[in-house]
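Engineer: So the chains spell out like this:
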Amino acid sequence: MDAMGGEVNGTMLAAQIRKGRHGPGASSFVLDVSIEVPPGITILFGASGAGKSTLLDCIAGLARPDEGRILLGGDVLFDSVRAIHIPAPKRRIAYVFQTLALFPHLSAEENVAYGLRNLPEGQRRERVGEILAVFRVEKLRKQRPGEISGGEKQRIALARSLVTEPRVLLLDEPLTGLDAELKAAIVDDLRAWNTARAIPILYVTHNRDEVDALGERVIALDNGRVVSAGEPIEVLDAPRRKKLAQAACFENLLNATVLDLREADGVMRVKLGESPCEIEVPLGYAAAGSRVQVAIRAGDILLATERPRGLSARNVMEGRILSLEQRGTMVIARVDCGVTFVAHITPGAVRALELTAGRRVWLVLKTHSCHLVD
Amino acid sequence: MEALWLSLKLAACVAAILLAIGMPVAYWLAYSTWRGKFLLESVVALPLVLPPTVLGFYALVAMGPRGPLGKLWIALFGHGLAFTFTGLILASVLYSFPFAVQPLTASFEGVDPRLLDASAVLGAGALRTFWRVILPLSLPGVVIAAVLSFAHTLGEFGVVLMVGGNLAGVTRTVSIDIYDHVQSLEYGAANRMALLLLVISFAVLSVVYAVNRRVWTPWAAK
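Chains as they are written, first to last, in my numbering: chain P, 3 to 376; chain H, 13 to 234.
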């Protein structure tokens, strides 16, 4: 991908950044990316430590890349060759931090008005009132952040950033810890706000559900490099890298040995770990006898209390439940089939099937739910 | 009583001056990324370890009619610095410097750096960020710095004796006065003064520790 070549139209954000980690004990880590963010929401996806926050800091002007260029439309925000570094206060790039960073000594209203000091008093009040209405937090205007709940704080942090009419919006996991419904509501408000403005929004998350709910485009970052970019489905459903697989909620990452390839069926058989357990996975670039890793999402595993018959799924394994652990509206089941699988099931299913630790069960796995990792 | 009044006046002046010059120094110590920063930190902390007589001696030499500061002062104002109230203020500022700078530095460093980043991306320059974010959030540190430099100046003896001597109404502070009384075996007078200083010091320190324990905070802590 060539972020810099050709013309950059509209308010496209294009960044080409190299940045090493400085200071004592500096590892060989280098952020080395070239990305394009068109108007609309682009997801920046990757495990923690992949360099997401460093990248956002560079774009916002809070950190200085060692080399590279950052362009916004026709404006140069940073150019190492021409020694251009527009300081953060002059970039008009809004940034909602993971910690939100609301000013604890200021009321919600004062927080939101913070970036509007150049406006006359009347206009400032008007703008603050408007944005508080858009994000439905008008009733909190006089409260301090310490007195406000999590979801409302997130709304106020968004309002504070957007009221300044920024040219780019950077969001660093702004909605972590919220339940799905509240998240969806805030995202809808954000989308509504951006329909009229169409600015580039770079949204950092390592939550797979958020990617599915939000993403028009995804940029996947691993160890400081862009490993893939495009539609969520192409980027995330064929993980070629282990870290990415873990980040994308592939709770099961199993070592396996290839037994034989069946080109005609489009599959190959692999043996899992040291167990006698064999499953069928999609055909990959591997030779018989070679070692691969298989990634399986916990939500893709079915549990049965009797040996199922007449299924299209090719992999049925007998095992025993090791433990059941309820987390929110989900139960995490650990099942020993020679290797330990993690499966997500609903509390309702646990009751209906009378699942308990020690119970004999059968795991059902579709071949295409098994992803090969290089 | 003249001595007490003089001591309070001196302490108040020193505390005010120290806040004014302590803040930029503390700001620099808290946020500079210069690798040689430890050198200035050491200089700031020097008065903590040096005997007051050493500090007072250098101050006296510098302020004397042949010292650099003394010469400059005579050229500017026509009179010397040593054994004057102004000279006493200067020496006390030096002596109490760490008591203002260290709490300020610590509280500036304690401000969440992301709040400073948030201020910057919202368009605020360094000065506005300081006034609107750093200073209000460091208020307990500012109170502590003011109170500690006030209290420390109130109780100083060695530096005052070296630089100020013992001129009634000009440089005779409470601690010198007490020493005088004891020297002339007036234990009753010494006791009254000592008790007064004890009470004031206790009251002042109570304020510091109350702030430390967050008995009162300017906003709901979260």
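Everything labelled a hint here was simulated from the structure, so no lab data went into it.
Some hints here could point you the wrong way.
[Said to hold, decoys possible] Lysine to aspartate or glutamate pairs mimicking EDC-like chemistry, simulated, CA-CA at most 20 Å apart:
id, chain 1, residue 1, chain 2, residue 2
1, P, LYS155, H, ASP129
2, P, LYS368, P, GLU356
3, H, LYS83, H, ASP129
4, P, LYS368, P, GLU327
5, P, LYS144, P, GLU128
6, P, LYS144, P, ASP190
7, P, LYS155, P, GLU132
8, P, LYS155, H, ASP124
9, P, LYS92, H, GLU121
Engineer: Evaluate each hint against the coordinates.
Structural biologist: Hint check results:
| no. | hint | result |
| --- | --- | --- |
| 1 | P/LYS155 x H/ASP129 | holds, 18 Å |
| 2 | P/LYS368 x P/GLU356 | violated, 24 Å |
| 3 | H/LYS83 x H/ASP129 | violated, 47 Å |
| 4 | P/LYS368 x P/GLU327 | violated, 24 Å |
| 5 | P/LYS144 x P/GLU128 | holds, 16 Å |
| 6 | P/LYS144 x P/ASP190 | violated, 25 Å |
| 7 | P/LYS155 x P/GLU132 | holds, 17 Å |
| 8 | P/LYS155 x H/ASP124 | holds, 17 Å |
| 9 | P/LYS92 x H/GLU121 | violated, 25 Å |
Violated hints, listed in ascending order, are 2, 3, 4, 6, 9; each of the other numbered hints is respected by the structure.
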